[in-house]
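Participant: Sequence:
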Amino acid sequence: MLSIGLNRPLIVLVVLGTSLALVNTVFGQDVSSRLSNPASMPVRGGTPSPLRVLIDEALQKNPQIAASSSAWRAAQKVPQEVSALPDTQVSVQQFSVGSPRPFAGYSNSDFAYIGFGVSQDIPYPGKRHLLAIAAEQDSDSMRAQTDSVRANMVRNLKIAYFQLAYIQETLGILQKDQELLKQAQEATEARYRVGQGSQQDVLKAQLQQTKILQEFAHHHQEEGVLEAQMKELLGRPQDSPEIITEPLVARTLPFSAAELLQKAREQNPDLQAQNANIRQRETEVEIAHRNSRPDFNVQYNYQHTASEFRDYYMATFSVRLPNRGRQKAELAEAQEKKEQSQHELDSESQQVLSEVQQQYVKAKTTEEQLKIYSDGLIPQSSAAFRAALSAYQSNRLEFSSLLSAFLDVLNFDMEYRNQLAEHESALANLERLTGVEFR
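First residue of the sequence shown? That's 777 in the working numbering, and the numbers climb one at a time after it.
These are computed hints drawn from the structure, not numbers from a lab. Treat the hints loosely; a few may be bogus.
To be verified - Simulated restraints on C-beta separations: (1) Ile1148 - Gln1118: 28 to 36 Å; (2) Gln1014 - Phe1214: 30 to 38 Å; (3) Gln997 - Glu1144: 28 to 36 Å.
Note that the Cβ used here is the ideal one computed from N, Cα and C, for glycine as well.
Full structure from sequences and hints, please.
Facilitator: Structure (structure tokens):
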């Protein structure tokens, strides 16, 4: 029995050495030095970038916003185009007698002449004005769509920023909790050296250290992915400097659900675009009615003959009568498109209001959970771990209970940061849906 007890530390050292060698192979570096020095973990540092600064940068450089803005500016030119009169037609005529050659036989007949004419189509009064109104309403729809693109970009940037802040803050939490685990591991090894602990406890402590290393690797991977997404939104090169976030701070939701729903009805850019589209469809119905009215054409021609013959002058006024069958079909099409737009608005409105309600519930729920974590779970778990560590060092507690207390500290810290990121993401979604910014 005595010889076995003396050999147990040797067995543990051999097993630990084998485990560390395997982990070193996987991670490609000296794991034992990283476990003994948490500050050596590759957590990024640098000057934090405020979210407001990044939003302003994206609004200036994001290519999707630039493309949508160009489309809107182009649409603003259309009313002037469609309200103008149709192109004026100028004609030159030459009529000769006795020869197909130009100007041959010009002076040997009073039928030969050179003529100049001008022709102008004139739409029925009010048609051009309605076309201009429809184009202006289309421009309003394009403006709302541009606002929607801008709002989507800002929302996506905010959510990516909050997730990146969560990742970067939890890297610090992992470092801090690794120090706590180190204390537990040292207590386990101390008890084992005096024959009060077990080999299994030492191996469990070492296994937990390796799991934390795995979490570091996973978090750094997520950090890289989120930075790539943010650089795309910012219009930055992918090899530009890393993005460092500011610490997350929970904002308070200053509006009730009813107030947010009303603001969404009034200010949501997607609903504004649909409303502008309906107004355009209504104008198109009026245009279809007006297209059943005739258009006109005015012409004036001057014909010059030889000097011994008198000149000719001719004015023409013509009426273009619309095809009634075609106009009835055009009117029916315009009315159906109007109904389609109304149904699309109803559907979009229901979807937006439902999303507002869902995000409101999520924001209020996470706000309550944050209070539970900050005021209860986190300080209680920290106190429980300190008590468990003291009891374990005094040989009054099993290692499994100490490890469970440590995992509570780690998990509650991580869950709090995750809830904080979820809370801010819910507010970002509400800001996009309602057009209101929560300071």
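Participant: Check each numbered hint against the structure and report the violated ones by number, ascending.
Facilitator: The structure breaks only hint 1.
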